[in-house]
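In order, the protein sequences belong to chains A and B.
Mapping of the first sequence onto our numbering: residues 1 to 544, in sequence order.
Mapping of the second sequence onto our numbering: residues 1 to 544, in sequence order.
For the record, the hints were derived by calculation from the structure and aren't laboratory data.
Do not take every clue at face value.
Any copy, or any two copies together, can satisfy a pair, since identical chains are not distinguished.
Unchecked claim - As a list, the in silico EDC-like pairs of lysine to aspartate or glutamate whose alpha-carbon atoms are at most 20 Å apart:
{"#": "1", "residue 1": "Lys127", "residue 2": "Glu423"}
{"#": "2", "residue 1": "Lys501", "residue 2": "Glu348"}
{"#": "3", "residue 1": "Lys505", "residue 2": "Glu172"}
{"#": "4", "residue 1": "Lys342", "residue 2": "Glu23"}
Protein chains: 2
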Amino acid sequence: MMNYPLLLKSPLYRAKTIFPEKEIVSRGYNGVFRYTYRDLYDRVCRLANALDRVLGVKALEHVGSFAWNHHRHLELYYAVPCSQRVLHTVNIRLFPEQIAYVINHAEDKVLFVDEDLLPLIEAVAPKLTTVQAYVVMTDNDKLPETKLTNVYHYEELIRQGDPHFDFPTFDENTPALISYTSATTGNPKGVVYTHRGLYLHCLTVLVDELGTREADVTMPVVPMFHVNAWGRPYADTWIGAKQVYPGPRPTAKDLADLIHNERVTYSAGVPTIWMGILNHVRQHPGEYDFSCVRFFMSGGSALPAALTEAYEKELGVKLYQGYGQTETSPVTFVSFPKTSLKDLPDEEKYRLRAKTGLILPGLEMKIVNEKGEEVAHDGKEMGELLLKGPWIIDSYYKDPEKTKEAFTEDGWFRTGDIATIDENGYLQIVDRVKDLVKSGGEWISSVDLENALMAHPAVMEAAVIAIPHEKWQERPLACVVLREEYRGKVTKEDLQAHLSKMVAKWWLPDDYVFVEEIPKTSVGKFSKKTLREQYDKGQLVSMY
Amino acid sequence: MMNYPLLLKSPLYRAKTIFPEKEIVSRGYNGVFRYTYRDLYDRVCRLANALDRVLGVKALEHVGSFAWNHHRHLELYYAVPCSQRVLHTVNIRLFPEQIAYVINHAEDKVLFVDEDLLPLIEAVAPKLTTVQAYVVMTDNDKLPETKLTNVYHYEELIRQGDPHFDFPTFDENTPALISYTSATTGNPKGVVYTHRGLYLHCLTVLVDELGTREADVTMPVVPMFHVNAWGRPYADTWIGAKQVYPGPRPTAKDLADLIHNERVTYSAGVPTIWMGILNHVRQHPGEYDFSCVRFFMSGGSALPAALTEAYEKELGVKLYQGYGQTETSPVTFVSFPKTSLKDLPDEEKYRLRAKTGLILPGLEMKIVNEKGEEVAHDGKEMGELLLKGPWIIDSYYKDPEKTKEAFTEDGWFRTGDIATIDENGYLQIVDRVKDLVKSGGEWISSVDLENALMAHPAVMEAAVIAIPHEKWQERPLACVVLREEYRGKVTKEDLQAHLSKMVAKWWLPDDYVFVEEIPKTSVGKFSKKTLREQYDKGQLVSMY
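With the hints as extra help, turn the sequences into a complete structure.
Set out below in structure tokens:
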């Protein structure tokens, strides 16, 4: 067969060739912007030419983006890698010192910045050692006032650019994108995505029940500034779906409006997004028609069963779950009910829906216990999930030490997640390796305890951490945020009684702390590291 | 990203890991056989061990199959390539001298033969120069009487085989399958399919509207002995679909029964198969319930619009079209209506459905006229279709001369097909390069004329060939098979009048010949080469 490399210009080529008329919609501060794949192709060519001629970025050099999900970011997703540069999608949620760290570490030569995010970049600009030029992405004709120097106007670059560009052909293992983990300890770690890896990842997420199709209207809420928006910008272009980008700082109302107005059939995001939309729709009965929706994909953290049920019963919308990591491009597992399970009772079905999912085509997994033995497929034995596959990292960028820790001797990537797998092949992530409570040689899943606690109507948020114990080595401590109306009414004993019905006795937390909120990481996950630090300093005490 | 090769063990791994309970059904002479993916995996391991230990086939050596579509053939599809040998699927429809030629040319070491096809192999066995052993695939306990020597019983090999096999990891560009074209001129040409090529082909056919899914029940009627059954054995295993194999010599009744009984949702085959099933169902009103069917894929030759319409109106079944060649793994285009065309009038929609289709993700095309210039995307300008992509050949097996003819200087594969492409990206194959009628410097599509003729109720089959003409260089001659009841009643003038309403005046055939049947190639296509030879010898004359 032909030696034909797998490159990201493939989706772009297909869309402009057979779907030139189909629409891309992008929400801005001044309303909704629309254009077609034909326009996208034209502008990507102009942008690639501008990178050559105006900005002088060389092959394989890094170009940073600091932006929301919108059509200009989509143009960067194509123009930069398809012209053989590397797009570094900087996570706008990182702390300022981390932002400076990742841009310097990646050695970005040019930084494309959304106008409304300029202040964040201006604040760190003095620390940036490699950036030679800034490009401001704005709907306004004029550049805003800025302290930055060597600043370009994005639309001016597009206007000046030549609409003809001959996208080069090169080795498929060439880097395309770079993203950094949202580190809870130390500096963020860099992950380099190759054309081949992203090509295979994005083609594979199009397969089977949870794949999108030409007839879909897709809206990635999951950010383009973090793990490639789960691959949607490439996947959905390949099939010529109508794409809807939610733009800057989307509120739950913005998202619900876009779904309703653009007749979105598919969206992808984290559970907090779905909670926000649900609450908004509940508050505006009769205003939203979501009958257009085929399903939504949820990922990033475990999907609460109660949320799935509420979506299905109140909105008539199916929520499915996916799983992955920055290091895995990200998607590795998706959860949908197999036909062989269609005759299960409803309750069992909801239980299955809460599972993490089935492994994607093309990947290989292993779940091993502390001795390195594979666990039984019984849904009970726990072990660390190891992965191999064409879109799993083989190293962290310029970080041999962290790289060494992340792999087994025979080359498996250590996900750092503890999982079970059942007889039907459904994986269930039960905890992070470092969050497990190791009590008397046995493992207690902090995540299971949290889910059980959050099923109590009074509990808004709950995080469980391990605290040292003389006899048992570690024991669980539950940190709980009660809903306003329950504060002072629901006690530790109530929660303990609630849990007793759901988990083994030896899993029950040794103590409860009622707090105002659970500290979060830059991407909105519970920061158990912060809780552990607070505990060590004696700062973790009940507030009410 | 990991250096993780794309190998055909991937679908097998996924199916045994997460779909062990799902079913594979295989029709035999003694009824329908059923087992699961768990059983498939077990038997594939045993077979791979038998290739090692009993048959002594070395890495990269060729193993032939001479068989219908059934579970044992599926086992060969995995055990041979996944243990790093190459499976040569010998086309059972070739002429005996061609069968001997391809087996010798491929240098097959072992030949797996269906019991009912033994006579065909016994007849050519004395001419086979490389085959060292035969394995008979049979449902009977004992080996049949045979003139062959060194003969094994398939089930005996399986029984003796060890159910544990460690499938090796090797370069993804390693050959996996080999197939030969059904040559109309000279010897068949060999096409070698690599693991990488088939992996990408089979993953890609799972994408979008016409992809199959876990919930499907798939029945490949398209033969496993010719162009890989369009990739179904790998694609449908990857997603864990229930697979139905129609077994030896399936009649229209057998196929209709399987669809009805096994609740088939998807099938793939050539137009003559669909005609046969339609006729059978028409003759047995009320006996068949096809409401389970999502759609059928048709390929191999143009899908008559009348057939599409009959399926939709009489059976409630959608027929869609695909296109490809032995040299292209085979699928390159599939036809489904884009959403942007959903508001077209019905008539326009049927016209679109008759188009060849939209290019698959990952491929690149060019349609060039005689001067090598790309044609306009207007649905009118004709040119030869050229292709590039990871599952397009770069050579014919051991045939540098034919290889040279098949490619342009800049590496495009010449399909030998003349096509147009319209503003919506739909390709339409209008003819084979060698079947075009070149009249006064203009091109007339023989296929268009044939389709127009076959739309006449009296016409059963029609083939148009170019005959020499002093002034115009070439002119069309129509060879027509009239339905019994119209013979002697419908005249040349009637057909000319019918055509006049459908094509330009200068396209009208110079003459008509009424024949008993159109000669066919080994795979059932019209053999225009034979017609041209008959014409040259003065043997092409009206029979009625």
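Intra- versus inter-subunit Cα pairing at 20 Å for Lys505 with Glu172: Neither: 54 Å inside a chain and 52 Å across chains, both beyond 20 Å.
Classify it for me, Lys501 with Glu348: is the Cα-Cα distance of at most 20 Å met within a copy, between copies, both or neither? Within one copy, since 18 Å is at most 20 Å while 63 Å is not.
Within, between, both or neither: how does the pair Lys127, Glu423 come out at a Cα-Cα threshold of 20 Å? neither (53 Å within a copy, 51 Å between copies)
From the Cα coordinates, with 20 Å as the cut-off, is the pair Lys342 and Glu23 best called within, between, both, or neither? between (36 Å within a copy, 15 Å between copies)
In the structure shown, a violation is registered for the earlier hints numbered 1 and 3, in ascending order.
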